[in-house]
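We have chain U already, so just place chain A on it with the hints.
Line by line, the protein sequences are chains U and A. Note that the first sequence covers residues 1 to 261 in our numbering. Note that the second sequence covers residues 1 to 374 in our numbering.
All clues given are correct.
Computed far set for chain U versus chain A, every beta-carbon distance over 10 Å: (1) I56; (2) R65; (3) I75; (4) E161; (5) E220; (6) G259.
Per label pair, the in silico range of CB-to-CB distance: (7) A:A310 with U:R65: 51 to 57 Å; (8) A:L313 with U:P77: 54 to 60 Å; (9) U:P77 with A:D293: 31 to 37 Å; (10) A:L24 with U:S181: 39 to 45 Å; (11) A:A324 with U:L155: 45 to 51 Å; (12) U:D254 with A:A310: 51 to 57 Å; (13) A:M340 with U:E162: 44 to 50 Å; (14) U:S181 with A:L313: 38 to 44 Å.
Rather than coming from a laboratory, the hints here were simulated on the basis of the structure. Bear in mind that the values here come from a model prediction, so they are computed numbers and not experimental data. Quick reminder that beta carbons are idealized off the backbone N, C-alpha and C, glycines included.
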Amino acid sequence: MNESSQRPQVVAVPVEGDSGALGPVDNLSNASPTSGTPALVLTRVGLRHSDGPEEIVALDEVDLRVAPGELVVIIGPSGSGKSSLLAVAGALLAPTSGTVEIAGIELSGLRRSELAAVRRDQLGFIFQSGGLFPSLTAVEQLLLTAELSGQRPALQRERAEELLRDLGLGSRLDHRPAQLSGGERQRVAIARALMGRPALLLADEPTASLNRARSAEMVELLAQQTHRHGAAAVLVTHDPDGLSHADRVLTLVDGRLTGAT
Amino acid sequence: MLLARRDLIVAKGRFLLMGLVVALIALLGVLLAGLSEGLVDDGTSGLDALPLTHMAFQRGAESTFSRSFLPADSVDKLRGDGVKATAPMGIALFNATQERPGKTGQVLDVALAGVERESFLAPKPTSGGPLSGSGPAPIVISEQLANEGVQIGDRLLFGLDATPLTVVGVADVGTYGHVPMAFTDLPTWQQVTPGATTPAGRGLVSVAALQLDSSSNAPQRLNRIEQRAGVEIVSKKAAFNGSPGYAAETTTMSLIRGFLLLISALVVASFFTVWTVQRRDQIGLLKAMGASDLYVLGDAMLQVLILLVASTLVGTIAGIVLGAFVPAEAPFSLALPAVMIAAGSLIAAGLVGSLVAVRRVTSVDPLIAIGGPR
Numbered sequence: 001m002n003e004s005s006q007r008p009q010v011v012a013v014p015v016e017g018d019s020g021a022l023g024p025v026d027n028l029s030n031a032s033p034t035s036g037t038p039a040l041v042l043t044r045v046g047l048r049h050s051d052g053p054e055e056i057v058a059l060d061e062v063d064l065r066v067a068p069g070e071l072v073v074i075i076g077p078s079g080s081g082k083s084s085l086l087a088v089a090g091a092l093l094a095p096t097s098g099t100v101e102i103a104g105i106e107l108s109g110l111r112r113s114e115l116a117a118v119r120r121d122q123l124g125f126i127f128q129s130g131g132l133f134p135s136l137t138a139v140e141q142l143l144l145t146a147e148l149s150g151q152r153p154a155l156q157r158e159r160a161e162e163l164l165r166d167l168g169l170g171s172r173l174d175h176r177p178a179q180l181s182g183g184e185r186q187r188v189a190i191a192r193a194l195m196g197r198p199a200l201l202l203a204d205e206p207t208a209s210l211n212r213a214r215s216a217e218m219v220e221l222l223a224q225q226t227h228r229h230g231a232a233a234v235l236v237t238h239d240p241d242g243l244s245h246a247d248r249v250l251t252l253v254d255g256r257l258t259g260a261t
Numbered sequence: 001m002l003l004a005r006r007d008l009i010v011a012k013g014r015f016l017l018m019g020l021v022v023a024l025i026a027l028l029g030v031l032l033a034g035l036s037e038g039l040v041d042d043g044t045s046g047l048d049a050l051p052l053t054h055m056a057f058q059r060g061a062e063s064t065f066s067r068s069f070l071p072a073d074s075v076d077k078l079r080g081d082g083v084k085a086t087a088p089m090g091i092a093l094f095n096a097t098q099e100r101p102g103k104t105g106q107v108l109d110v111a112l113a114g115v116e117r118e119s120f121l122a123p124k125p126t127s128g129g130p131l132s133g134s135g136p137a138p139i140v141i142s143e144q145l146a147n148e149g150v151q152i153g154d155r156l157l158f159g160l161d162a163t164p165l166t167v168v169g170v171a172d173v174g175t176y177g178h179v180p181m182a183f184t185d186l187p188t189w190q191q192v193t194p195g196a197t198t199p200a201g202r203g204l205v206s207v208a209a210l211q212l213d214s215s216s217n218a219p220q221r222l223n224r225i226e227q228r229a230g231v232e233i234v235s236k237k238a239a240f241n242g243s244p245g246y247a248a249e250t251t252t253m254s255l256i257r258g259f260l261l262l263i264s265a266l267v268v269a270s271f272f273t274v275w276t277v278q279r280r281d282q283i284g285l286l287k288a289m290g291a292s293d294l295y296v297l298g299d300a301m302l303q304v305l306i307l308l309v310a311s312t313l314v315g316t317i318a319g320i321v322l323g324a325f326v327p328a329e330a331p332f333s334l335a336l337p338a339v340m341i342a343a344g345s346l347i348a349a350g351l352v353g354s355l356v357a358v359r360r361v362t363s364v365d366p367l368i369a370i371g372g373p374r
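Same shape as in the complex, but just chain U (with noise of 0.2 Å):
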């Protein structure tokens, strides 16, 4: 049996008005949402793990459905299965059942270097403390993204600049990480998820760092940017402080999410 007929056909989503399939999976980079397909779709995922004699049961039968331009958040004790639930979405981590689709691109079966492929064009990640890295200024962090997708970095330095100023960083554009305060750090983050025009935008703790009142603000800034952008994004949370930005909330309790999905 040859490869290609071993691996699952990549297909979007059709939507009304569009011509539907993507094409195959080497034009991964080249998918994009259009403003029907969801964001992400999780069917049924599920995610179990042995420790020892004992399986973990990390998440259990999660349906979920995420439309562009939505921001939702989803809060739940430590150990609930938030990172595993952003782990799966963000085609970090395979679910032992079930289905994960991004902008019409459906996970199961994809290379290590498709799913990469997925990340970088599909997918902005917000992590705990900004996950920047430190050798670079502000600006540079987001023309890394930039040269990630295989574009020229000086010619996205407009665009790179024109983002961080949205977030009140103009005057920051050349420190480093290390000269910014947590605030700023996420903010920078935000900025460097949305340089690559992605269709679904992952936030892992992202108010972790930071005071109630910043955190309120991030979740803010969060919503205005996704809603500005036309990007979804999903917040895994353990702080229920600001979530009235959100469009929707829903609780992961053991592996279970609830609410309207």
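Using the frame of chain U, we list chain A on its own:
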């Protein structure tokens, strides 16, 4: 490769320290290359300067000058089969005593070659006269001996009988076995060299020099000549192995240089192993953002390449500068190809070593970016 370049600047202390180590290895490599070249030059420049393509040794002498004795007339059997010219040559190492009226004789090391006065092997003096047309027992000395104070008209005493040879000329004839060469005619060489005349009075030589046309290099033709003359024929370069100490010196130097390259590969590999471990979280983050294995590998290798090329360049230039101050008496010679090979080998060894270290960047799990398995 924005990250690779910026990391080099931000972590410049670490990279400068490592660069210094690589530069010192490069410097040592250049000095060893110069020493190797110098030793080869000092051991064989006299042979290299001779206008011949091959040498015929006594069969069974393992192409070693000191073991080979051929009847002087055996060269006649070498003619034909593309041999354009052939000439007998004797060579042996002596302690000669300088003799000049009014001066106490100094003892000199001399590699004395005996050739026919009119043969193509006869030296062409830069001052004084040639062997041909000179009186009995003439000797043409090297410029090195002239620099040691031997002048035209001096006499050099050779052998147990202190046979005097008169200096008639000075020529650029180089050295043999790290000893300055001098040329005399064949009968004189046979007279002063122990064992160069059979009890029956038949004259012997060490080797026969050959000038072969290119078509005669074919192994079958060489075999035919060897069978006919009962000799072993080797190329000029291969004949270097038969000069005193040549094989031992070149093998030793090659071993030292090989070990130096091995050490440099290990040093670079160690540094980048530690560096890669320190960058693990950063690499995980890059991969979570969608960087391909090729990108992270290229990113790491760019740092290696910049470090290796820059520090090798610095070390090589320092080696060349330092080489200029090596005393003239030391066997040291820096040629561009040798320097290029030394520098290139160091870069190649460093790349191979670091590749072993940095290939592990491809195995970093992007999951660590969100606190996955570490």
